[in-house]
Amino acid sequence: MKPWLRTLLIVVAVVVVLYGAFSAFAMYSNGTEVNVRVHVGKDAQGMYMRCDAANSTPGVCDDARQMTVRVHARDRVHMTVTDDDGGGHGHDFNVEGWQYFAWPNSPETELEAKTESVTFTTWARGTFHVLCELPN
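If you want our numbering, it's the position in the sequence shown, counting the first as 1, plus 12.
One or more of the hints may lead you astray.
Unchecked claim - Simulated DEER-style distance windows between Cβ atoms: (1) HIS90 - TRP16: 43 to 49 Å; (2) LYS54 - ASP74: 49 to 55 Å; (3) VAL29 - GLY98: 20 to 26 Å; (4) ALA76 - SER41: 33 to 39 Å; (5) GLU124 - GLY58: 40 to 46 Å; (6) THR19 - ASN67: 38 to 44 Å; (7) ALA25 - ARG77: 44 to 50 Å; (8) ASP74 - TYR31: 16 to 22 Å; (9) TYR31 - LYS54: 49 to 55 Å.
None of these hints come from the bench; they were simulated from the model.
Using N, Cα and C, we set each Cβ at its ideal position, and we do this for glycine too.
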């Protein structure tokens with residue numbers, strides 16, 4: 013086997029093992045299940061992303077136009093987003109922070125349907141912003 017091919021295979025194997033370890037760590041939960049229901053849309057003031065506090069786990073989100081979610085480290089978050097404008101790729105959502113950049117811990121999704129859900133595990137205790145990254 014050529015030396016460059018052997019080196020390439022070793023590098024690929026190391027990357028696969030490291031990503032597997034990252035995935036296992038990213039999915040490990042403390043057992044707490046948190047439900048967050050979100051409504052996104054546009055009104056006279058522009059785009060909003062509001063928590064449906066009546067149908068969410070009490071105390072985890074606010075009803076500001078650009079909502080935040082308060083969680084503990086290793087909470088398993090089930091986020092359901094409803095597009096009040098009807099779906100069809102008009103909105104997306106993502107959680108702010110570098111630790112949510114890759115599967116299985118990336119909640120980023122574009123809303124094709126009127127309602128979509130995603131589940132992820134939080135890495136740290138704190139307050140996180142939920143964002144729509146599409147222009148306008």
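We went through each hint and held it up to the structure:
At roughly 46 Å, the beta-carbon separation of HIS90 and TRP16 lies within the given 43 to 49 Å, and the hint holds. Restraint check, LYS54 to ASP74: a C-beta distance of roughly 20 Å breaks the suggested window 49 to 55 Å. Hint check: VAL29 to GLY98, Cβ distance near 44 Å, so the stated range 20 to 26 Å is violated. Roughly 27 Å separates the CB atoms of ALA76 and SER41, a value that falls outside the hinted 33 to 39 Å.
The hinted range of 40 to 46 Å is not satisfied by GLU124 and GLY58, whose Cβ atoms lie roughly 22 Å apart. Here the CB-CB span from THR19 to ASN67 is close to 53 Å, at odds with the stated 38 to 44 Å. At roughly 47 Å, the beta-carbon separation of ALA25 and ARG77 lies within the given 44 to 50 Å, and the hint holds. As the Cβ distance of ASP74 to TYR31 is approximately 34 Å, the hint placing it in 16 to 22 Å is violated.
Distance hint check for TYR31 and LYS54: the Cβ-Cβ separation is about 38 Å, which falls outside the suggested range of 49 to 55 Å.
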